[in-house]
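Chemist: Chain by chain, the residues:
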Amino acid sequence: MNDQGTWKFGTREVVYGALGAALYGVFSLATNIFPLPAAGNITFRPAVAVLIFFGVAFGPWVGLLAGFIGNILGDALSGWGFYWHWSLGNGLMGMIPGLVAGSIKDFRARPDIIRAVVWGIVGIAVGMLFASLMEIFMGGIDLSTALVGYFTPAFLGNTLVTIILLPILMYAFAAVAARRGR
Amino acid sequence: MLATWKYRPRDTYVQRLDPRTRLIFLVCVIFGVSLAGIWDMRIILPLFLLTLALFLMARVPWKDMKRTLIYIIVLVVVIVGINGLLTGRGGPTAVLRTPSPTLFEVPIAIPGTQIGVWIPVTVSRAWFAVVQILRMLTMALLAIPLPFTMDPNIYGVTFRRLGIPDKVSFAMDLAFRFLPTLARDFSTTMDAQRARGYELERLGGGLFSRIRKLAPLIIPVTMQSTVTAEEVVDAMDLRAFGTAPRTWVRSLQYAPRDYALISLGVFILAGCLISRYAFGFGQFWVPDFMYSLVP
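Chains as they are written, first to last, in my numbering: chain A, 1 to 182; chain B, 1 to 295.
Next up, chain B with everything else stripped away, as it sits in the complex (with noise of 0.2 Å):
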């Protein structure tokens, strides 16, 4: 098994940013949309549009995150989107309680008979289903292209810069430098149990049995690499590990650009919190358009 990072680096804006700046603003956005309880498409829409730029900044070719971005939308359109529309809820309750004129109906019936329910699509329902998926769409942008234009090496100093403790952010360093030798012991254990006929593709039988046979694979490496961690614990301990503030190889410095992208997420989130919960602006909201489609 290969173990590669999706990471590519790539002279882009978002890649020049400090990768903190990238993680403040994405929690701003989805704080700000989240604990507001922001449903407003006014609100939403421009959100979605500067997310949906900053995506397409980050400039990841489509054939590396094709596989995610499908998952994503078919999750959001098909599961979260039809949902939505067919039942109204997973939002405010205002989608539910508005008196709503149909805009059609949804017949669920066995095939070749009359015997089922038709659901109604009200506009409210219709709406919400739209507003849900640019909502969820609007977070989901800022995260997917994170592995794909971070740099695996400043995890750890990123997490510290941001104020999680030594010991924390060093753990998350060391997860990095253990992988690959971690990958590779998992390709050297599968090379030795398929050359005594175990293959990890055909495992065949029920489900128990299936899981089960995994354990030829996951034990050996598990148990080698905690006596590995041993001479690890030792050596950490030798250089006096965790007595003082550690320094890190890799500095992060912010440029004005930063500040720029901080202050526009600080206002985001500021913004979304102050128009909901002191103006009451942000709440489900469906335009008059949306009427004149009844039929």
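Looking at chain A on its own, in the form it has when it is part of the complex (with noise of 0.2 Å):
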């Protein structure tokens, strides 16, 4: 599963980039019943956890894809509109984790569990500080307003989610993959 390039893009990277997208708008849309408590405008999306986890098992083009378009769609199909900065920012957060694909060898082993979530971490941090801050410049909000009302509740939910079901899933991918031999 990772024996290619980290960076290469080819028929395997659209088509994981277009199931991990699609994955991402379903699941968005199924669990908006989850408000998270404190914050009213943003709901438990368990739906990050799928997107980390395509990138931490495709790749960082594959996370960037299913993120970027996994929201656009996701927006679609609530009918919210199109916020490029928001679609961007779910991109990065699936981008990050994939630059680690490549050494991830067993997805049952704990250490590289532990690194996958980790950096799934990190890409939310960086994901959500940059759709917050684009926020700033495109809603005219203040820094406090972007750091409190936003990146705040959407970082803590997203990383709730990454620890709780980013484990579960790949330790379900390394049976399939085991199984289907590649």
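Simulated from the structure, these hints should not be mistaken for lab results. Hints should not be assumed to be uniformly reliable.
[As the list claims (entries may be wrong)] Which bits of chain B does chain A cover? Going by a derived footprint, with three or more residues having C-beta under 8 Å, they are:
#1 75-86
#2 205-218
[Unchecked claim] Over 12 Å on every C-beta distance to chain B, these chain A residues come out as not near it, computed from the model:
#3 THR6
#4 ARG115
#5 VAL118
#6 PHE151
[Claimed, not checked] For lysine-lysine, the following BS3-like pairs were computed, each having C-alpha atoms within a straight-line distance of at most 30 Å:
#7 B:LYS66 with B:LYS6
#8 A:LYS8 with A:LYS105
#9 B:LYS63 with A:LYS105
#10 B:LYS213 with B:LYS167
#11 A:LYS8 with B:LYS66
#12 A:LYS105 with B:LYS167
#13 B:LYS63 with B:LYS213
Remember, it's a predicted structure, so these values are computed and weren't measured experimentally. Where a beta carbon is used, it is the ideal one built from N, C-alpha and C, also for glycine.
Using the hints, put the two chains back together into the complex; each one sits in its own frame.
Modeler: Structure below.
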């Protein structure tokens, strides 16, 4: 699964990027029923764990495409509109964990799982910070509103689902990959 | 779960536009207002009226976009507007630096006591809140109707014709095609889990527990889809995907109305940048009548 260059962009990346995006859109739509306590406009997105998993398993391009297109798709399905900075922020959230895709050898090994989770959290921090800070220019909000009202709840909610669901996804993928033989 | 597009074909001016035109116009207005740092109501108001006109011309029924509109209005008016009114932050420094008389004071105190603070709402802050609300709505009104009025089947070709590489555009196209299949898989999985006593609507326990209990839904769908993806990769490789520039079934053609709207968008972008940086016009400005409201 990681036998090719980290930055290779071929058929596999196109397909998995599209698949990750579609999954991100479907799961986001399905789980919008879980509002995040203390932040009325932010919902739990367990789909974030799937996005980070796609980055970790298939590389940075897949993570970027899945996050960027998936957010456009999720917004389109929900009727939100088109907000390029949030889509790009989601893309970064998938791309950064993808940087370690080449070094993940065993999806069941604890060190590899911890590395994936840590890079996932870094991706969440960078992606959500980018989107929140861009909101200063796009929406005219101030820095504290961007950090407290947008970044913090999004970061905490996404980190929580990543810590809980990413290891389960990696463990399940190890079994599927072993059965598939590639 | 039913994944349905918000899009419905309608014979309207907005839907007759080339989708590229709409994205270009959106980008021009957003960058015109944000990059140039426009905070002058004399520029914001005409732009707001223009985007409101386009929004109304989309003729999307109220029931379709009710939820989104209410959310955006609550966010903009309550969160951003009140924040601007009380703090004056989030905009140009002129709001806070310019000496301005107090319009009224907002008491924030413990109920039944005199313990608390009285926040002065100045003329500058009050006007700034109004400008900021209209400024945000100007941009949101262009973005909100897009999913309701743009055919999902042309997202891919639209991005390609805007200069995005073939593979990225095709990934977008493919994602839209995957979506109904995955939504169906998700429903099937949910039904299968329900037959085993699993109910998404009644997930109990704490936060951690609720998230963990989503795994029986997310894992099977995700893993099954990775298996399917391998077959798609093989099929595409066998057809030599990516070895030459691809063609698209749908073609896009600019009409005179598209050139007119793109020209207007470019004019707005250039106008905002030139007026702000060449003439210094477009900064925060308070009209005289606001001062007559001071008690």
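Chemist: Would you mind marking each hint as holding or not holding in the structure?
Modeler: Hint-by-hint comparison with the structure:
Coverage of the region 75-86 of chain B by chain A holds [criterion: at least 3 residues with CB-CB distance below 8 Å; count 4]. For the region 205-218 of chain B, the proposed coverage by chain A is satisfied: 9 residues have a C-beta within less than 8 Å of a C-beta in that chain, meeting the threshold of three. At roughly 17 Å from the closest C-beta of chain B, the C-beta of A:THR6 stays outside 12 Å, upholding its exclusion from the interface. With a least CB separation of 20 Å from chain B, A:ARG115 remains clear of the 12 Å interface cut-off, as annotated.
The Cβ of A:VAL118 lies farther than 12 Å from every Cβ of chain B, with a closest approach of about 19 Å, so its non-interface assignment holds. Every CB of chain B is more than 12 Å from the CB of A:PHE151 (nearest about 15 Å), matching its label as outside the interface. This hinted pair checks out: B:LYS66 and B:LYS6 have alpha carbons roughly 12 Å apart, not beyond 30 Å. Taking the CA atoms of A:LYS8 and A:LYS105, the gap is near 18 Å; set against the 30 Å cutoff, the hint holds.
Taking the CA atoms of B:LYS63 and A:LYS105, the gap is about 51 Å. The hint is violated against a cut of 30 Å. The hinted pair formed by B:LYS213 and B:LYS167 fails the criterion: a straight-line CA distance of about 36 Å is larger than 30 Å. Between A:LYS8 and B:LYS66 the CA atoms are separated by roughly 44 Å; this puts the pair beyond 30 Å, and the hint is violated. Distance hint between A:LYS105 and B:LYS167 is fulfilled; the C-alpha atoms sit about 28 Å from each other, no more than 30 Å.
A threshold of 30 Å between alpha carbons decides the hint, and for B:LYS63 with B:LYS213 the separation of about 34 Å lies outside it, so the pair is violated.
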